Amino acid sequence: MLRIRRFEEKSAELYSLGKIRGFLHLYIGEEAVAAGALPAFTAEDAVVATYREHGHALVRGTPMGPLMAELYGKANGCARGRGGSMHFFDASRRFYGGLAIVGGGLPIAVGLALAQKLSTPSPSLDEGERQGRVTACFFGDGAVAEGEFHESLNLAALWKLPVLFLCENNFYAMGTALARHQSQTDIAFKAHAYAVPSAVVDGMDVLAVGEATRQAVNSVRQGSGPYLLEYRTYRFRAHSMYDAELYRTKEEVAKWKQRDPITTFETRLRELGWLTDADLQEMEDTIAAEIEDAVAFAEAGPWEPVEDLEKDVYTRT
Amino acid sequence: MTKITYREAVRAGLREALQSDPRVLLMGEDIGRYGGTYACSKGLLEEFGPERIRDTPLSENTFVGAGIGAALGGMKPIVEVMTVNFSLLALDQIVNNAATIRHMSGGQFNIPLVVRMATGAGRQVAAQHSHSFEGWYAHIPGIKVLTPATVTDAKGMLLSALKEPDPVFIFEHAYLYPMEGELDEQAFPVDISKAAVRRPGRDVSIITFGGSLWKALEAADRLATEGIDAEVIDLRVLRPLDAATILTSVRKTHRAVVVDEAWRTGSFAAEISAQIMEGAFYDLDGPVARVCSAEVPIPYPKHLEDAALPQPDTIVRAVRELLAR
Ligand SMILES: Cc1ncc(C[n+]2csc(CCOP(=O)(O)OP(=O)(O)O)c2C)c(N)n1
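Chains A and B, in that order, are what the protein sequence lines are.
In terms of numbering that gives the first Met the number 0, the first sequence is residues 0 to 316.
In terms of numbering that gives the first Met the number 0, the second sequence is residues 0 to 324.
What the hints contain is simulated information worked out from the structure, not anything from laboratory work.
Be aware that a few hints might be false.
Claimed, not checked - Below are the DSS-like pairs computed for lysine-lysine, each with C-alpha atoms no more than 30 Å apart in a straight line: (1) A/Lys159 <-> A/Lys73; (2) A/Lys310 <-> A/Lys73; (3) B/Lys193 <-> A/Lys159; (4) A/Lys18 <-> A/Lys249; (5) A/Lys249 <-> A/Lys9; (6) A/Lys159 <-> B/Lys41; (7) B/Lys2 <-> B/Lys162; (8) A/Lys310 <-> B/Lys75; (9) A/Lys310 <-> B/Lys162; (10) B/Lys2 <-> B/Lys41; (11) B/Lys251 <-> B/Lys301; (12) B/Lys193 <-> A/Lys310.
What the hints assert, rightly or not - Some chain A residues flagged as far from chain B (calculated, every beta-carbon gap over 12 Å): (13) Phe94; (14) Ser239; (15) Arg247; (16) Thr285.
Unchecked claim - Computed, partial: chain B to chain A, Cβ under 7 Å: (17) Asn60; (18) Leu71; (19) Met74; (20) His102.
Since we're looking at a predicted model, the values are computed, not measured.
Note that CB positions come from ideal geometry on N, CA and C, so glycine has one too.
Working from the sequences, and respecting the hints, build out all of it.
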C-alpha cells in the first residue's frame with residue numbers, strides 16, 4: 000500500500016514538472032483494494048484493469064522502472080511508452096490493461112475466462128490439478144451503468160465462467176455521485192439479477208479485502224461460475240489532474256481520510272506490536288530508493304524511434 | 000471443381016476450421032440450435048457440441064468483446080454477427096479494443112479473432128437490415144477487412160483468416176448466400192492480400208467488391224455486345240488494400256468506374272478514387288466515375304430498393320458516359 004502511495008505521490012510531482020503528460024488518474028485512498036485483492040490470484044490467472052491501474056500493476060509484480068518509464072512515454076516502458084498512465088500492459092504477468100473505455104474490460108474478461116475454462120484440465124485429475132485458472136476484472140462504479148456490465152454478468156453466469164467482477168466503488172464516476180447515476184445504489188445486489196453470487200467488502204480495510212477475495216476466488220476456482228465483489232472505497236485525490244473537484248465537500252473527503260487504509264492498518268499493526276518506527280522507516284527508505292531508481296530508469300529511457308511509428312499495428316508487416 | 004452455394008461454402012469452411020484446430024470455437028446469436036440466420040452453421044452444433052458452438056444472448060458488444068478475450072486467452076474464436084447493422088452495437092469492442100490492443104501494448108498481445116457478418120441490400124428487408132458498413136471498418140488500422148464475392152473466396156478467405164494473428168472481419172453479402180458457383184479447391188489456401196482481375200479488358204476498369212461484383216460482370220457482358228471491353232476488378236480485401244492491382248489496371252485502360260453499394264458521400268469508393276488520382280492521375284483519360292447507393296436509408300418496396308442500389312444498368316450508363324468524353 001505504501002509503495003503504491005509513494006509511487007503515485009511521485010507521479011503527481013513529476014506531472015507538475017511536466018515529465019508526465021496526458022491523463023493521470025491517481026489511486027490514492029484506494030490502495031487496500033489492489034493490495035488486498037491481487038495476492039489472492041496466482042501468476043496463471045489473468046488480470047484486466049482500468050485506467051486507474053498503477054496500483055494493480057505494482058501489486059501484480061511489474062517492476063516500478065517500466066511503469067515509471069511508461070508514464071514518461073519512453074520506449075523502455077511496459078507498453079513501449081505507447082499507452083501512458085491509462086494503458087499499462089504486461090504479457091509476462093498476464094496483465095491485460097490498462098483499458099480506458101469505461102466498462103470495456105468486462106467483455107474481454109469474460110472471453111479470457113472462457114478461454115481459461117476451455118483449457119482447464121479435465122475432472123479426472125486430482126484436486127490440485129483440477130484447480131482452474133480464473134480472471135480478475137477490476138472496474139469502477141461508473142461502469143455499472145454501461146450495458147457491457149449487464150451483458151457481461153449475464154453471459155458469465157450463463158456460461159459458468161471463472162471470472163471475478165471486482166467493483167471498486169469509490170462512490171463517484173468522475174463528478175457524478177453514485178446516487179445520481181444509479182437507481183439502485185447497492186451494486187452487489189444487482190448481481191442477483193444475473194444469478195451471480197456477490198458480497199460487499201470494506202475497501203478501506205486491506206485484511207477484509209484479502210479475506211473476502213480469497214473466499215470468492217476459491218469458490219470461482221471450483222467451477223461454480225462468476226462472483227462479484229463490491230469494495231466500498233474512496234479516492235482522496237481528484238478524479239484526474241484536471242479536476243477542480245466541485246462536486247464534493249472538503250468535509251466529506253476529510254471524513255473518509257480518517258479511514259486511510261495505510262494509517263489505520265499501521266495503527267493496528269503497532270497495537271499488535273508487529274510494527275515499529277524502525278520497521279516503517281526501513282520500508283520508507285526501501286521504497287524511496289526503488290522510486291529513485293525507477294525515475295532514473297525512466298529518465299535514461301530512449302524515445303521510440305519515429306521510424307517505428309507504424310510498428311505493431313499488425314503482427315506481420 | 001464442384002458446384003455449391005455460397006452458404007454451403009461458408010459452412011464447409013467453418014467445418015474444416017473446427018475439425019482442424021481444437022482451439023476454434025463459434026459464437027453468435029442463433030448459430031447453434033437455430034442453425035444460423037443464414038443457415039451457415041446448420042448441423043455444426045450436432046457435430047461439434049455446445050462447448051464449441053456457442054449460442055449467445057443478444058449482447059453484440061459483449062460477445063464480440065468475449066471473442067477478443069478468448070483470442071487473448073489462446074483460443075481461435077469465430078464470431079458471427081447476424082447483420083452488419085447490429086455490429087454497430089459492438090463498435091466499442093471492435094474499434095477501441097480489437098484494433099488497438101496490439102499497438103497500445105507495445106506489441107505484447109495479438110488478437111487472432113475472426114468476425115463474420117452479413118452485409119448489403121437487395122432482399123427487401125428495409126433500412127435496419129440492409130446497409131453496407133464494410134467501408135467504415137476498412138477505415139480502421141489494426142483490423143483486416145475481407146469481402147468474399149465467390150464461393151471459393153467464401154470458404155477460402157475464412158480458412159486464410161484463421162491463420163492470421165490479427166483480427167479479421169469478413170463481410171458476406173446476404174444476397175450471395177443462395178448463389179451457386181464453382182468451388183476451386185486448387186486455389187487454396189486463398190491469398191488474402193491481393194485483388195483479383197475477374198474479367199480482363201482494355202477500355203475501362205470497373206472496380207468493385209462483394210455483392211456488386213456480379214452486377215459489374217453483368218454490365219461488362221452487356222458492354223461487350225456494344226464493343227466496349229471492360230476489365231472487372233474484385234478488390235476482395237479492403238484493408239490492407241491492394242492498390243497496385245487497381246493502378247496497373249487503370250494505367251492500361253485509362254478509365255475507372257468504382258462500384259460500391261455504400262452511400263456515395265464518404266464511401267470506400269471515394270477512397271479508391273483518391274488513390275487512383277494520387278497514383279495514376281496522368282494515365283487517366285477522364286475523371287474517375289462512381290456508382291454508389293442513393294443517399295437514403297434503404298427503402299422496403301422493391302422498385303425503390305432497386306433504384307437505390309447500383310445496378311448493371313447504372314454501371315453500363317456510367318461506363319458509356321465516361322467513354323463518350
Ligand atoms: C465509455 C466511456 N464514457 C466516458 C468516459 C470518460 N470517463 C473517464 S473515467 C469516467 C468515470 C468512471 O468512473 P468509475 O467507473 O466509477 O471509475 P473511477 O474513476 O471512480 O475509478 C468517465 C465518465 C470513458 N472513459 N469511457
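Hints, verified against the model:
1. In summary, the hint linking lysine 159 of chain A to lysine 73 of chain A is not supported, as the alpha carbons are separated by about 41 Å, beyond the 30 Å threshold.
2. A C-alpha spacing of about 15 Å is found between lysine 310 of chain A and lysine 73 of chain A, which places the hinted pair at or below 30 Å, so the restraint holds.
3. Taking the CA atoms of lysine 193 of chain B and lysine 159 of chain A, the gap is near 42 Å; set against the 30 Å cutoff, the hint is violated.
4. A threshold of 30 Å between alpha carbons decides the hint, and for lysine 18 of chain A with lysine 249 of chain A the separation of about 29 Å falls inside it, so the pair holds.
5. Taking the CA atoms of lysine 249 of chain A and lysine 9 of chain A, the gap is near 23 Å; set against the 30 Å cutoff, the hint holds.
6. Note on lysine 159 of chain A and lysine 41 of chain B: the hinted pairing holds, with a Cα-Cα distance of about 25 Å set against a maximum of 30 Å.
7. Of the supplied pair hints, the one linking lysine 2 of chain B and lysine 162 of chain B holds, its CA atoms being roughly 26 Å apart against a limit of 30 Å.
8. At roughly 24 Å between alpha-carbon atoms, lysine 310 of chain A and lysine 75 of chain B fall within 30 Å of each other, so this suggested pair holds.
9. Proposed proximity of lysine 310 of chain A and lysine 162 of chain B is supported: the alpha carbons are some 20 Å apart, at most 30 Å.
10. At most 30 Å may separate the alpha-carbon atoms for a hinted pair to count; lysine 2 of chain B and lysine 41 of chain B meet this at roughly 19 Å.
11. For the hint pairing lysine 251 of chain B with lysine 301 of chain B, the CA-to-CA distance comes to about 38 Å; that exceeds 30 Å, so the pair is violated.
12. With a C-alpha separation of about 22 Å, the suggested pairing of lysine 193 of chain B with lysine 310 of chain A holds against the 30 Å cut-off.
13. Not every beta carbon of chain B lies more than 12 Å from that of phenylalanine 94 of chain A, the smallest distance being close to 9 Å; the non-interface claim is violated.
14. In this structure serine 239 of chain A is separated from chain B by more than 12 Å, as the shortest Cβ-Cβ distance comes to about 19 Å.
15. Distance to chain B confirms arginine 247 of chain A as a non-interface residue, since its nearest Cβ pair spans about 29 Å, more than 12 Å.
16. With a least beta-carbon separation of about 29 Å from chain B, threonine 285 of chain A lies farther than 12 Å from that chain, consistent with its non-interface assignment.
17. Interface restraint check: asparagine 60 of chain B against chain A, minimum CB-CB distance 6 Å, threshold 7 Å, status holds.
18. Given the 7 Å rule on beta carbons, the hint for leucine 71 of chain B holds: about 6 Å separates it from the nearest Cβ of chain A.
19. Below 7 Å, beta-carbon pairs count as interface contacts, and methionine 74 of chain B has one with chain A at about 5 Å; its hint therefore holds.
20. Given the 7 Å rule on beta carbons, the hint for histidine 102 of chain B holds: about 5 Å separates it from the nearest Cβ of chain A.
Comparing the model with each numbered hint stated earlier shows that hints 1, 3, 11, 13 do not hold.
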